Amino acid sequence: MSEERKLDKKCPEAGAALLIAIFALLLISVVAIALVVSTGTDSALTGNYRTSASAYYAGIAGLEEGRGRLLWKNANYLNIGNVFPGLFTPSGAPSFGLTQVLYILNPANGETVDPTVAPYADNEYQSEFGWALSGANLQTVNSVFPVAGLPGPLYKWVRITPATEQSLGIDVNWDGYIDNATPLNYDPANQAANGTLQPGLIVGSSLTSGQALEVTALAVLPNNTQKLVQYLVAPLYYGVSIPATLILSSSGTASPGINFQLPTSASTPTFYINGYDGSGPNSAAPNCTPTAIPTWAIGVTDIYSPPADYNVIQGVINALPAALQGDYTGETHRHHHHTTSLSVEDQISLSPVMLTPASLNEMVQTISQNADLVLNKTNATDTDMPTAMSAANPMTVVVNGNLTLTSFTGYGLLVVTGNFVSNPNAGWRGIVLAVGAGNVTFTGGPGGGNGEYDGGIFIAQTLNTSGSPPYALLPNMGTASFNASNAGGNGIFYNSCWINAALQPPSFQVLSFREIPTN
Amino acid sequence: MKGVTPADNEWGFTLIELMVAMAIFLIICAAMFELLQLSQERYASENQLSGTFQEARLAVDQIARDVNDSGYPSLGMFSNIPTNAGAYVSSPVAWSPNYPTSSCLVGTAGGGTCFTPGDFDLILETTVNGTVSWIRYQLLPGSTTLTRAVVQKTSGDPWGPTSAPGVMVPFLTNVMNNATGQLAQITAAYPSMFPGGRPVPVFQYTCDTSAGEAPCPTAGASNSPMNIRDVDITLIVMTQQPDMQTHALKLVELNGRGHRANPSY
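Protein chains in written order, with this note's numbering: chain P, 3 to 521; chain C, 305 to 569.
Hints in this document: simulated from the structure, not taken from any laboratory. One thing to keep in mind: the hints can contain errors.
What the hints assert, rightly or not - To spell it out: a stretch of chain C is covered by chain P in this simulated footprint if at least three of its residues, at any positions, have a beta carbon under 8 Å from a beta carbon of chain P; those stretches are:
| id | stretch |
| --- | --- |
| 1 | 324-338 |
| 2 | 369-378 |
| 3 | 382-394 |
Unchecked claim - Partial chain C-side listing against chain P, Cβ under 8 Å, derived:
| id | residue |
| --- | --- |
| 4 | SER343 |
| 5 | ARG361 |
| 6 | ASP365 |
| 7 | SER514 |
| 8 | ALA515 |
| 9 | ALA565 |
| 10 | ASN566 |
Remember, it's a predicted structure, so these values are computed and weren't measured experimentally. Note that beta-carbon positions come from the ideal geometry of N, C-alpha and C, so glycine has one too.
Use the sequences and the hints to build the structure in full.
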């Protein structure tokens, strides 16, 4: 007994605590594991949603980099230094050949991204165009990040290609045939087969269109979630065409259809209206050589009743003093409407957008939305013009009101919805659209000054200015007015370089967006 | 006695030791099971809430994606208008009545002239699996089931084809935005979710105007389904079962926004 007592005292309740602790631990472990498992499931579900959304926005970021860098005035323009002369024209218009492909690569640190091989292979290209990427003319450029040293969006590449009916899977001209060999353009002045204005994609190109490009981005997150998204973009053009140096849109409903006055006697310097490209004495444009093709000095439209255009063109001819007819030169072409050898024309190929008050009004609104400056003033003058404007930096200015220029020389695209008055020392390099009141006056002469207009001027009355503002839109074109009876300065000279500079796209518009399923 | 004395390593527990240990163990077990039951109830409730969140989130995401993708391919992708109206999108957001010839005014709370788009009804037009289709979301008055339909686009008004029997299928259940029969009860529990005790629109629209974006009902001349740029989505969803402990209704509210990327021409 003494032996037992001794052992009891040595290990009192030995093992019981351990037993209880193990049971308790077991129980707690079971509960904990159950909670961990359920929490993990919830986290996985939430994570899936999050990564899916992240990949989507990473893809959009890639698309926006591609779209932004297509623009000529972007600091990271893809063709800076004309490194891709085959892909862009000097004026910033895209000119991709059918098989040309440009990739913007965006590898992570230490990573290599090659769209021709896994893991970021571009299998979509072949399914769109019908031939393998190895058969394409492939060029690459690196992505740019806004902040150095920080990781950028998680897209791997952005592909820029021309678009075809086959690549889009759409029969854009509805001719029953899916073309895979002709790049598509977007034409804001396209006319459908029935003659109606139908801005849209066209197979091939036209004078008022710009090339449509597919911008495709692949986003891949670290957990391998992938998204493939695609824009179809095109340079934003307004549908402006300048087929003559000075264009007046006639009412076409009654004689004379336009108000047109020129100097009646010689002055110094001579006031010219000249259709020879680049003929202005001060017309030199940077990095551009005018074409040798002359155009009309003066053009008029007559769209409502074709027989009446005899009256309109005759009004112009009558306004040209016989002794001064040599001051208004350019393309000449005799035809049945008139037999004069003067450089005047009433069958000019004006863009359909410029033929009706409604479409012109829409065009002015689009220009306003993308203008560098919109002046809503009753009477604007030189001091309202942007000082940053220069030959190297042409701008788009819209004046909703009257404008009088005295000694200012502007560059780019000018829209005046009220009356436009130019004095002998004022000038413009580019395009002047006097659309609205349709009233242009060259005054301050006769003679004197050295102001010069190089490019083209278009005049159309689209508003009923008989009342007080805001003026109502006319149902049909009104009577355009050009009064140079007391003009000074050098005059108006056709210039394709300045016209192209004025029509450089202000942005690339998104024509469509879609998500492409990835396998 | 020496013969029956166990060796040093063969001593067991006494009965008292075992009974005390068992008693302590049972007390701990009882406490643990009580805790476990509470945890399970809480977990079940939270799990339901979490599941409801997930379903609502997926629904908002799907609607937002449909809005983002709507409008492909637009009429601006054609140089000649296709003779088949089912080959192109007339408007990213379709409307009724008089689609697509004459537009209507987008309103809210019964305003406007559009039957759709409205507070609880939206028809999108876009390409689904290579076919230009109408995607319709609808929450009928008094109903708690948001339905979705996908039908191939035809010429004319989308209302009929998207309302045909069997076309609309349940998309999300227990949606309380327009549960007029239970509105008083749920407003009492969640007054801030239902301002004024009124139904909460699932869809609200922002239109493009010449001065930027504005709510469509206040967009003046730009108030048209064709000008809808953003669709704000609000889903108020109730869990399948009331809370197991408090027996109260559990509601979650999720908001999202779809932004149309395609042009409307």
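Cross-check of the supplied hints:
{"no.": "1", "hint": "324-338", "result": "holds (count 7)"}
{"no.": "2", "hint": "369-378", "result": "holds (count 7)"}
{"no.": "3", "hint": "382-394", "result": "holds (count 7)"}
{"no.": "4", "hint": "SER343", "result": "holds (7 Å)"}
{"no.": "5", "hint": "ARG361", "result": "holds (6 Å)"}
{"no.": "6", "hint": "ASP365", "result": "holds (7 Å)"}
{"no.": "7", "hint": "SER514", "result": "holds (7 Å)"}
{"no.": "8", "hint": "ALA515", "result": "violated (11 Å)"}
{"no.": "9", "hint": "ALA565", "result": "holds (4 Å)"}
{"no.": "10", "hint": "ASN566", "result": "holds (5 Å)"}
Figure legend: structure checked against the earlier numbered hints; the only hint not met is number 8.
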